[in-house]
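Sequences listed follow chains A, B and C, in order.
Counting along the first sequence from 1, when you hit position 165 you're at 1510 in the numbering used here, and nothing is skipped either side.
Counting along the second sequence from 1, when you hit position 31 you're at 60 in the numbering used here, and nothing is skipped either side.
Counting along the third sequence from 1, when you hit position 17 you're at 34 in the numbering used here, and nothing is skipped either side.
Everything labelled a hint here was simulated from the structure, so no lab data went into it.
Among these hints, one or two may not hold up.
Simulated pairs of lysine-lysine, DSBU-like, Cα-Cα distance not exceeding 30 Å [to be verified]:
#, chain 1, residue 1, chain 2, residue 2
1, C, K90, B, K281
2, B, K257, C, K56
3, B, K257, A, K1558
4, B, K232, B, K198
5, C, K90, A, K1558
6, B, K198, A, K1554
7, C, K90, B, K225
8, A, K1474, A, K1507
9, A, K1553, B, K232
10, A, K1553, B, K257
11, A, K1526, A, K1553
12, A, K1554, B, K257
13, C, K29, B, K45
14, A, K1553, B, K198
15, B, K228, B, K262
16, A, K1553, B, K228
17, B, K228, B, K198
Keep in mind that this is a model prediction, so the values were computed, not measured.
Residues per chain, in single letters:
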Amino acid sequence: MRELKLMKGNEAVAEAAIRCGVDGYFGYPITPQSEIMETLMDLRPWESTGMVVLQAESEIASINMVYGGAGCGKRVMTTSSSPGVSLMQEGLTYLAGAELPCVVVNVVRGGPGLGTIQPAQSDYFQTVKGGGHGDYKLITLAPASVQEMADFVEDAFNLAFKYRNPVMILSDGVIGQMMEKVELKEFAPRWTMDYIEENHPWATTGKKKERAKNIITSVQLEASVQEAFNHKLQAKYRAVEENEVLFEEVLCDDAEYIIVAYGSSARICQKSIEIAREKGIKVGMLRPITLYPFPAEQLRKRAEQVKGMLSVEMSAGQMVEDVKLAVECKIPVEHFGRFGGSVHSPGEVVEALEQKLIGG
Amino acid sequence: MSDINTIIKPENLTYKRTEVLSDNDLSYCPGCGHGTVHKLIAEVIEEMDIQDTTIGIAPVGCSVLAYNYLEIDWQQAAHGRAPALATAVKRLMPEKNVFSYQGDGDLAAIGTAETIHACNRGENIVMIFINNGIYGMTGGQMAPTTLPGMPASTCPAGRDVSHDGEPIKISEILAQLPGTCYVTRQSVHTAANVRKTKKALRKAFENQKANKGTSLVEVVSNCNSGWKMTPVKSNEWMEENMFPYYPLGDIKNK
Amino acid sequence: MAKAKGAIVVDKARCKGCGVCTTACPTKVIELAAEVNGKGYHYAYMANPDACIGCSNCGIICPDTCITVYRAKAGATA
Chain A
1346 MRELKLMKGN EAVAEAAIRC GVDGYFGYPI TPQSEIMETL MDLRPWESTG MVVLQAESEI
1406 ASINMVYGGA GCGKRVMTTS SSPGVSLMQE GLTYLAGAEL PCVVVNVVRG GPGLGTIQPA
1466 QSDYFQTVKG GGHGDYKLIT LAPASVQEMA DFVEDAFNLA FKYRNPVMIL SDGVIGQMME
1526 KVELKEFAPR WTMDYIEENH PWATTGKKKE RAKNIITSVQ LEASVQEAFN HKLQAKYRAV
1586 EENEVLFEEV LCDDAEYIIV AYGSSARICQ KSIEIAREKG IKVGMLRPIT LYPFPAEQLR
1646 KRAEQVKGML SVEMSAGQMV EDVKLAVECK IPVEHFGRFG GSVHSPGEVV EALEQKLIGG
Chain B
30 MSDINTIIKP ENLTYKRTEV LSDNDLSYCP GCGHGTVHKL IAEVIEEMDI QDTTIGIAPV
90 GCSVLAYNYL EIDWQQAAHG RAPALATAVK RLMPEKNVFS YQGDGDLAAI GTAETIHACN
150 RGENIVMIFI NNGIYGMTGG QMAPTTLPGM PASTCPAGRD VSHDGEPIKI SEILAQLPGT
210 CYVTRQSVHT AANVRKTKKA LRKAFENQKA NKGTSLVEVV SNCNSGWKMT PVKSNEWMEE
270 NMFPYYPLGD IKNK
Chain C
18 MAKAKGAIVV DKARCKGCGV CTTACPTKVI ELAAEVNGKG YHYAYMANPD ACIGCSNCGI
78 ICPDTCITVY RAKAGATA
């Protein structure tokens, strides 16, 4: 039987990182996610698995340490919250441009600016639409429980190395801070240098006589070369969209309305569905687990069946744009959500559903 | 006439291009010190037999394509971030030899925080710092190290210290930090200075092998295009103007 | 006439004609050619080969590393 523990979402990230054999963590303190590095420093994995844990001088340094480690074919990660992730955008576009695998966790708080330390989902655009400069994508996983905070660390690394692309775990202050029971995985060994050199022959592990030098870079001075590289990236993203969409549906089969929600908002909306169904409203929920790639195809299919969709997010309305694009104006799509650090109640969601879609 | 053909024989060979240098022609302007320093790094790597264990971190600037010129594994960093990359590479693979190669804008302006903190942590790496007092790649703008009164495209009348501040002596600052074990300032404008710079680079890499902390080798260098002089004239100008402000020699050696 | 003790071979195609080697040479062996190479540079050449002592100064200072240096062993006759 696997080990069960009651822990915070942030602590679960740290535990899972050590257990799945992460090589390096580089971070900078910021609320509401500082428990991740604090937990790592407390658990001292450098004495058990050999994992490197380093507090950097800034989020800029953290993400660039991640670049350095990823370039060596190592499994490296950083975590932060919204203002810190804004500072990391330069590093993220370089990582994407150099096709480096890594995992970044954003425990989102309210913005803009220094904003609030309370939870929010207002970094959706920054995460799935780019964030930094240039044509690139971050594969994005959105956990809705402490268990998923733990499980997605390894899943994210698997995706990162499968596609040689940064993966973001887009969490929020609710999931990071709340405590739940977690089933922890067994400890897996870290990769050996031999394994890395065999499986990631692009990594800068030192030029052996029998191979050409490895270069990790994102600069292509020739426009034609840069364009060809961008076509290659786009082909990779099409493969990601084809193969990696994840979502969960709750009571959708007989639904007349669908709530689209992810992360902690999806947890709240589960209760909203119960309340609505008690009132006789046939409503289901589609929870995107991957925000990029977005479950657009499934939403398109559900649009044939339902009268309307409500995108419920702790933002002024960001994911709602992707829901609208997915359903191609076939049905009404509305947004509801408290934001700026406020969290909607299940009842508020039901009221919004009634006012914006049913009553209208 | 001459007997040179009797001298040009394998047994008389005294100086040749190291094979750690690639066959690519350098993208640098004629007479640029970057090429000389690249060659010295390559020679030190060859002499220490560490080609298969050395990872270079290239910056943004003229030497952004440094990876084309040395036959070792390389990572190219975002502007100023090379010390952060080098930190992770070395910590994750402590048995490898890691160096960053950075210009003045990279190391002493946009990357000041990464530079100071890598040195302060005593990262066991070599940092090679080319100080030519100007932004070469972008066309000769004022650098953090541009001399007082020295013209650049963003201070065409010369650096006005009342407006822009004095040029930063970053090596002296870094020498104050306990994490640095070796901070030296050298040049490559004469054969004797090239030999000294090579010794300094060798020492820096030996320090890394001995886990002594951060070694910083500053090379005061020319930018004849940016300075708008011939290569030979730029070396003379450097001696007369740069060295009084940036005196050569060891700043720290422990 | 002095007997040459050394000799250099310049990779003409690689030379950028910067002239740094001409100032590094203690015996004024090297000059820049009147002709240009494929890149349009006046490449370095041994204008005064008999004076070469094979000291390697030109080779080590050349930023493009395009000079190979030879030196006759002491006592060897040319």
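A quick look at each hint next to the structure:
| no. | hint | verdict |
| --- | --- | --- |
| 1 | C:K90 with B:K281 | 40 Å, violated |
| 2 | B:K257 with C:K56 | 20 Å, holds |
| 3 | B:K257 with A:K1558 | 36 Å, violated |
| 4 | B:K232 with B:K198 | 22 Å, holds |
| 5 | C:K90 with A:K1558 | 37 Å, violated |
| 6 | B:K198 with A:K1554 | 40 Å, violated |
| 7 | C:K90 with B:K225 | 25 Å, holds |
| 8 | A:K1474 with A:K1507 | 21 Å, holds |
| 9 | A:K1553 with B:K232 | 24 Å, holds |
| 10 | A:K1553 with B:K257 | 42 Å, violated |
| 11 | A:K1526 with A:K1553 | 47 Å, violated |
| 12 | A:K1554 with B:K257 | 42 Å, violated |
| 13 | C:K29 with B:K45 | 15 Å, holds |
| 14 | A:K1553 with B:K198 | 39 Å, violated |
| 15 | B:K228 with B:K262 | 26 Å, holds |
| 16 | A:K1553 with B:K228 | 26 Å, holds |
| 17 | B:K228 with B:K198 | 22 Å, holds |
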